[in-house]
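Engineer: Hey, can you piece these two chains together into the complex? The hints should help.
Chains as they are written, first to last, in the numbering used here: chain P, 1 to 167; chain U, 1001 to 1104.
Worth flagging that the hints you see were computed from the coordinates, not collected in a lab. Every value quoted in this text rests on a predicted model; they were computed, and no experiment measured them. Honestly, I wouldn't trust all of these hints.
[As the list claims (entries may be wrong)] Quick partial rundown of chain P residues pointing at chain U, CB under 8 Å, derived from the structure: (1) Phe88; (2) Pro151; (3) Gly153; (4) Arg165.
For glycine and all other residues, C-beta sits at the position ideal for the given N, C-alpha and C.
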Amino acid sequence: MTPRVRKFALTTHVVSSVGWLGAIVAFLALALAGLSSQDAQMVRAVYLAAEPITSFVIVPLALASLLTGIVQAFGTTWGLFRHYWVVFKFLIAVVATIVLLMYTQTVSFFADVAAEPTADLRELRSPTFVLHSGAALLLLLAATVLAVYKPRGMTPYGRRALRSRDH
Amino acid sequence: LIVNIVSRKLGAFMKMRASEKDTHMVDSHPDPDTGDDDTGVGPDRESTTGTPRWVKVSAIVALVVVLLVVGMLVFGGGPGGHGPGRHTGGGDTPAAGGDTRGRL
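Isolated chain U, as found in the complex (with noise of 0.2 Å):
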């Protein structure tokens, strides 16, 4: 009994092995990353229509960020912007008068 389940088992994972090989054939374009077709995330079988979902998303994420920084650096709320003079002179300066030379 267990043989027999093995072989049906090992029987389908074979099916499954050989109808992806199939897919990855009939791949237009393979992966130019790596000049095999069997990575199966290459250019292949791609929608031609329409931005997807994550690239959507992915914009809004990216613009709301921008936006952000950019509020930041113009209303001084962030950690500044690149210059050398914009990342000192915050709430850890030393309080006038006192000699914090060389210590912190």
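Next comes chain P alone, as it looks inside the complex (with noise of 0.2 Å):
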């Protein structure tokens, strides 16, 4: 990649796990206040906010934060599976979108009880919104903390490679 092209490349990776980071943080605020208000109606809106803040920013933001990281792997010397740090953080967020869109489903589910007058809203109390948003916070984090301090560590694929570059 040329320099302004891996610039851009760079700048559309941060702004996407950055922001996912955000949209997690934001998404687990909002969990906290449906699980521990006492007022029907917030916790309504808490979980019908959740569906479009799910569709149409976390999902978003994931993808384009995998696809861009993808590219910057192979854009770059650093590859996707040459350095441990990168192929751990290509790990994470490779999990983190999976259970992501697969819990797309439950996050509908969670606003379709929401959304109907009648509904039992001690349906809604559940931690599990809780507890996936912190569980991929703390994933994010740790993706967060590889990326900045970039830990030392070749994969034997790594290694292989820089051998046979050097000969």
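Structural biologist: In structure tokens form, the structure reads like this:
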């Protein structure tokens, strides 16, 4: 990649990744409000808002982060499987995205329950949103730490690639 | 005396910076993320043998977490899976016959 393209790719990756992290923090705040609030209107609003936030913010940011991360890996000398920190970060993004895509069904289900005027809102009193967004937050924080510190360590594939390049 | 101490400290600091700069200048790979080689965190002077300790520790922690999550999913003691039916009907279900619609 040319330096200009590389900077652009890096910017999109940082924006989408940090945006994903921020969206998860906002979702966690909503989830905590939905779990702890005694106000039925508030609880309904939380679970209704969770669906568009997930579908139109969190999922696109997750996919963008994963895609731009792959572009970054293949477009630079880091590679995708040469350094352990890149591999870990990639696995974190893949696992988090897969669980997120599966979890959209749960979010939609809760939104449907909240939208039903005669629904029993006690059905919404589940810690699932807090648990999942909390776990996602930990994973994304770990990915951020890896991206910033870039701890040393080459995979066997990376070592082979380095040796073949040097010879 | 103060001027002497300050100038000596400054000299030592400048020497340290110069040696850091020399180290970075011999980096075999610039940091691809930034295109610079001044971060000191790129794949420079990296050991090419063995698996680092942080990788082993992280892999063990990840394995334990995965096993815990799988165990919770299999034995149903945890927050459940990711389908819509898995997250409801927990300990907060209303008593039979009780009308709790629309309230908490």
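Engineer: Are the hints correct? Go through all of them and say.
Structural biologist: Consistency of the hints with the structure:
Hint status for Phe88/P: holds, given a least beta-carbon distance of 6 Å to chain U, under 8 Å. Given the 8 Å rule on beta carbons, the hint for Pro151/P holds: about 5 Å separates it from the nearest Cβ of chain U. For Gly153/P, the interface hint holds, the least distance from its beta-carbon to any beta-carbon of chain U being 4 Å, beneath 8 Å. With its C-beta approaching chain U no nearer than about 10 Å, Arg165/P sits outside the 8 Å limit, and its interface hint is violated.
Going through the hint list in order, the structure does not satisfy hint 4, though it satisfies all others.
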